[in-house]
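Asks: Okay, here's what each chain looks like letter by letter:
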Amino acid sequence: MRLPLRNLECLWGEEKLIKIVKRDQPSRAIFFLTPILAIFLTLVAGGLIFYILGFKPFEALKFFFIVPIADNYGLSELLLKATPLCLIAIGLSFCFKSNNWNIGAEGQLTFGAIVSGGVALLFYDQEGFYILPIVILAGAIGGMLYASIPAILKTYFNTNEILVSLMLVYVSKLILDYLVVGPWSNPEGFNFPETRQFSDSARLPLLFEGLRIHAGIYLALAAVVISWFIFYKTFLGFQMKVSGFSLKTAKYAGYKGKKMIILVFLISGACAGLAGVGEITGPIGQLHREVSPDYGFTAIIVAFLGRLHPVGIIFASLVVAITYLGAETAQIFMQIPKYTGQVFQGMILFFLLASDYLLFFKFKFIGSKK
Amino acid sequence: MIIDINFVGLIITSIMASAVPLILASCGELITERSGVLNLGVEGMMIIGAISGFALMTVTGSLFIAVFGAMLAGVLISTIFAFLTQTLITNHVATGLALTIFGIGISAMIGKNFVGIPGKEFPVLFNSLKDSIPFLSPILFGHSIVFYFAFALPFFTNYFLKKTKIGLIVRAVGDSPESASNQGINVRLVRYACILYGGAMCGLAGAYLSMIYTPQWIENMTGGRGWIALALVVFSTWNPIKILIGAMIFGGLTIIQFHMQAMGVRIPVQFLTALPYIVTIVVLVVISRDSRKIRLSTPSSLGKSFYKDN
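Residue numbers (the numbering used here), protein chains in the order written: chain A, 32 to 401; chain B, 37 to 346.
No lab work stands behind these hints: they were computed from the structure. Check the hints yourself; a few may be wrong.
Mimicking EDC-like on lysine to aspartate or glutamate, the simulated pairs with C-alpha atoms at most 20 Å apart in a straight line are [stated by the list, open to error]: (1) A/Lys93 - A/Glu359; (2) A/Lys53 - B/Glu214; (3) B/Lys156 - B/Glu255; (4) B/Lys148 - B/Glu255; (5) A/Lys393 - A/Asp55; (6) A/Lys287 - A/Glu321; (7) B/Lys344 - B/Glu214; (8) B/Lys148 - B/Asp167; (9) B/Lys344 - B/Asp211; (10) A/Lys369 - A/Glu90; (11) A/Lys289 - B/Asp326; (12) B/Lys344 - A/Glu90; (13) B/Lys278 - B/Glu214; (14) A/Lys369 - B/Asp326; (15) B/Lys148 - A/Asp102.
Every beta carbon over 12 Å from chain B, so not counted as near; a handful from chain A, in silico [to be verified]: (16) Pro236; (17) Leu384; (18) Phe392.
Simulated restraints on C-beta separations [to be verified]: (19) B/Arg325 - A/Gly105: 47 to 53 Å; (20) A/Ala284 - B/Ile175: 41 to 47 Å; (21) B/Glu214 - A/Asp102: 56 to 62 Å; (22) A/Val342 - B/Tyr195: 52 to 58 Å.
Since the model is a prediction, treat every value here as computed from it, not as a measurement. Where is the CB? At the ideal position from N, CA and C, for every residue including glycine.
Only chain B is shown next, with the shape it has when bound in the complex:
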């Protein structure tokens, strides 16, 4: 059997494309979690980003406004979460769930008038180079700017957390809010900022889905990607570079499922669709089995409210 090298390149490209929203959302959530906040509202923030981006693009026609509007929408909705968990000291898990339920409801409400409208084409970069090198060029060239941003993001995030002072502050706040606070760091402010940043990234992830990946609005179009992004953060043991690997694995599962269907493999389609979810569980089990490793890499105050009594 002869394998067309360009075809392999195309498959890798499609895997990367489906990994983009996962990378964006996971990297955002990773920063949030590193500051000690568990925001389970990723799915809700993504879907809000998806509808905001699509709606703004349809109404204003400007891709720039649409992308930034989607990020802003993510920020706005995560402000609710930040206000509740940080100022009113509510339970992170319950608030995150409320955010997801609320987000899905609101997005469907706004999206009612945008169902069935075709999306706009999103400009791609380096399109002229697309045929220059076999195999490599479809992988490297001819993608949207969000695509390149997503693949650079884990490295930036890694640098930010490990090499910058603000990154150190974020980690300190997540690992020991009491000590950080005693050092004069405003824990609440840092956590607010990290939550809003997470919201912006999830909004961008949603916008990528509705504007670039499948340019249209479908209700519930995130389809559990937000939850997989959350699982990816655990999978990565809070290390941004490993998010890249995890997202490629899950992107691969999604793509393989399409190709297996196309090749007429005799497996019920529902089992292939269930594959990413089942693999998530298996991967979580494998990663979490080593409880010491998890304990060492989890931000110590993850999901715990911090309240300074003065």
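Pulled out of the complex, with its shape left as it was, chain A reads as follows:
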């Protein structure tokens, strides 16, 4: 074929001709290498942005990506941020693999936090081993309930799940706002928009004294293992894969499409809900307005960067978690606005998608024109 980037020929002069050729099959090695390329390109572009803003690029990148994780506290914070990202992204990978665009994980996280927070508040003056499991379960159910709305509307009313799941994010945040300002606000809290503190029995145990990393990380790891098993060892995983490649084929094979759509939404809702539980019963310990710094949206990037593969998602969640920490550090030490984190996240996804081109096409040296 002729290359879409026709001008490229000029780059090599007239004598040599380089063509872009479609690969017969997407390259598997490149499939897992492009995320690394994307991260590299993001760093280069990030350095460039820092330079334009008037900072020394290498120093800025160091403050952004190395300083925040240079000590134990930093590493604990990294895992703390990576845990919800990983958990949500695992859930989302179920949806994305099967061609369901659930982009409202932020809402499912918030609703999971609301339901589990409500249950935790019921037990606020009690202690007991049974409290934490109930609270965790409530969060998962909350997330599932909320994810079932776009799923049911999609399957039975043909409604676009992208828009519905996204609108529900705004709604969930407003519900949370209403609850923490109004009926659930702490009666002894001087009208601050927050609930009572949960009892110690409703809190996830800390892994190390003095660090904030908590047992929620086990939930994320369990999700990784379970999802790996489902993806690669079960019929459901196979069905999802087929539906992802071609809905027509899936229909032809007689798969129950509707059931699967609802199932993948419920799974991803449960994961997002659990991430919400992890936040409020881990580092936060109560409900307030901001239970999540957009983990639900960032996890979309994590899922793609991890190539919708459970192990890939672990690495991706660590990489993307650094952008959260880096943004905070850079703000404190260099007065770089904290939104640089989001800029980096957007760039990673741009570069990742762009480098996917290498998956399907290769540059081929044709030889001398003379």
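Fit chain B to the given chain A structure using the hints.
Replies: Chain B only, in chain A's frame:
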């Protein structure tokens, strides 16, 4: 109860004013979608337009430069999307999401130095006629040029799509890129143009928000309007005239919410704020339930990459 007719006129005017950004963004996105491209980055392009317009106005002092600069910024950022989806054949949904995340980040980064700066007054047209006719004149007169442009746009868009040759080409590309390509139409070029046009309109919508509607810069000031604009395109079943109706309904919801708060209606304010989002969902359900109608009016290749192998 006596209803002051001028007061009703004012309410209608405010509803129209809040509908303007939705109309602009939706009409832009409609053209993009009609060419078969689903650009979910509306929110990102709008917020970029909002900060660019406001920043240029503050720095240069020229409203002309600011408005066109905002449109240019929309074009520039949508070029990223166009390059990725058309030249590098990436997934439309994922690329659009990246555009939104990136846009919100960049806008907040640029906007850091513009928080708390008061905006400039935007000139209005026909101001002298404002008191001439009761009820009608506040609706008709004394608005910015962007306002009039927005209300004319759906009709122009409709004419463009239905009556002009280029409009026909855009629709052909969206409905059947293969046939269009076989007819010698450069599908990629048409889609590039439609994406950039969508970017310009979203940039203008953002500029309207930060320069005219609430003349100041607030982080995330688009507040989900970009997503509602996307929903409006579905609501309109890809018909520009119906965008006008949809945008008025959503503008109305925003305004009613303010008035209900002012009248002291005992509904928690969060529920009123959530109303536009909930209504969007309900409306989407009602519209989409008839799957045949949706199938017939959706551009057939919407969201699908086109790649010509030669």
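Asks: Would the pair B/Lys344 and B/Asp211 pass a check requiring their Cα atoms to be no farther apart than 20 Å?
Replies: With Cα atoms ~16 Å apart, B/Lys344 and B/Asp211 stay inside 20 Å; holds.
Asks: Between the alpha carbons of B/Lys344 and B/Glu214, is the straight-line distance 20 Å or under?
Replies: holds (8 Å)
Asks: Against chain B, does A/Pro236 keep a CB gap of more than 12 Å to every residue?
Replies: holds (34 Å)
Asks: Mind checking the alpha carbons of B/Lys148 and B/Glu255 for me, to see if they're no more than 20 Å apart?
Replies: holds (9 Å)
Asks: Are the Cα atoms of A/Lys93 and A/Glu359 separated by 20 Å or less?
Replies: holds (13 Å)
Asks: Kindly confirm whether 41 to 47 Å is satisfied by the beta carbon distance between A/Ala284 and B/Ile175.
Replies: Since the Cβ atoms of A/Ala284 and B/Ile175 sit about 58 Å apart, the hinted range of 41 to 47 Å is violated.
Asks: When you check the alpha-carbon spacing of B/Lys344 and A/Glu90, does it fall within 20 Å?
Replies: Roughly 45 Å separates the two Cα atoms, so the pair is violated.
Asks: Measure nothing beyond the straight line between the CA atoms of A/Lys393 and A/Asp55; if it is 20 Å or shorter, mark the hint as holding.
Replies: With a Cα-Cα distance of about 10 Å, the restraint between A/Lys393 and A/Asp55 holds, given a limit of 20 Å.
Asks: Return holds or violated for the Cβ distance of B/Glu214 and A/Asp102 against the range 56 to 62 Å.
Replies: holds (58 Å)
Asks: For the pair supplied as a hint, B/Lys148 and A/Asp102, is the alpha-carbon distance within the 20 Å limit?
Replies: At roughly 30 Å apart (the allowed maximum being 20 Å), A/Asp102 and B/Lys148 break the hint.
Asks: B/Lys156 and B/Glu255: Cα distance at most 20 Å?
Replies: Answer holds: B/Lys156 to B/Glu255 is near 18 Å, not above 20 Å.
Asks: Between the alpha carbons of A/Lys53 and B/Glu214, is the straight-line distance 20 Å or under?
Replies: Roughly 19 Å separates the two Cα atoms, so the pair holds.
Comparing the model with each numbered hint stated earlier shows that hints 6, 8, 12, 13, 14, 15, 17, 18 and 20 do not hold.
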